[in-house]
Amino acid sequence: MRWLATAIVVALFGLNLWMPDTALGRRGTERTVHTHVPAASSWLGQRLAPLRFEDLEGRTVSTADLLGHPLLLVFERSVDW
Amino acid sequence: MGVRRSVWEPRGAPPVNLAFRFVAALSGVSAIAVGLVLFGAFFAYQRPGSEAPLPMGPLGHYFAAFAGCALVGWGSALLAGARDLATGRRLAPGTAFALVLLAVYRMVGWLMGDYYALAGDLLRWEAGAFLLLALAFIWLRPREAPRVSF
Chain A
14 MRWLATAIVV ALFGLNLWMP DTALGRRGTE RTVHTHVPAA SSWLGQRLAP LRFEDLEGRT
74 VSTADLLGHP LLLVFERSVD W
Chain B
3 MGVRRSVWEP RGAPPVNLAF RFVAALSGVS AIAVGLVLFG AFFAYQRPGS EAPLPMGPLG
63 HYFAAFAGCA LVGWGSALLA GARDLATGRR LAPGTAFALV LLAVYRMVGW LMGDYYALAG
123 DLLRWEAGAF LLLALAFIWL RPREAPRVSF
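For the record, the sequence lines run as chains A and B.
Counted the way my numbering counts, the first sequence spans residues 14 to 94.
Counted the way my numbering counts, the second sequence spans residues 3 to 152.
For reference, chain A alone in the conformation it holds in the complex:
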């Protein structure tokens, strides 16, 4: 039993060390920028795809409503505990 528990803990420890090298765990500001900015730069100047979403007041907004004004769109996953 002691060896089984040890094997599980050591396996988890190895996974903890290995996680940053997995496809899911690869991240980091510098790495993300290097990966994503060149790809995103090809989208500059292109037409925004049609979108519908809710704003903070619950109103439905579409891309057609946004035409004609300066606009900054920020997409963020919320951590609201």
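Hints are all accurate, no fakes.
Counterexamples of contact, computed for chain A against chain B with all Cβ distances above 12 Å: (1) A53; (2) S54; (3) R60; (4) L61; (5) L64; (6) G71; (7) T73; (8) A77.
To give an idea of the chain A side of the interface with chain B (calculated C-beta under 7 Å), a few residues: (9) R15; (10) A18; (11) T19; (12) V22; (13) L25; (14) F26; (15) N29; (16) L37.
I should point out that these hints are in silico values taken from the structure, not numbers from a laboratory.
Using N, Cα and C, we set each Cβ at its ideal position, and we do this for glycine too.
Chain B: place on chain A using the hints.
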């Protein structure tokens, strides 16, 4: 309040038992200290006009206080286990299991973007520390008392 020796721990006790006492006592004191901080944070949060002591809202502070109370209880049990090896022997497997659970949810939290954004690699460091501590509780667990017949 001296350290009570168990029936199977004669003078010149094996170093493994002394190491167990040390690990259990250190873990117990740490758990109690963190638990009291979490408990106190709840009350600090309730003061009118105060800033949140922890980076979360009312629900987060509520559950932090709950975790704090549980940590005080767990830490007290570990201190009892450090004093009495028979108690420590019973506590060690459950403690190791709880430490593994603490490590697992930190590892999953690291993989999730939300928690990584808050704490970064600290989550992985903490997970590693908890796993090492779990190994300590597994391997330093006091041995069973010899059966004595009268």
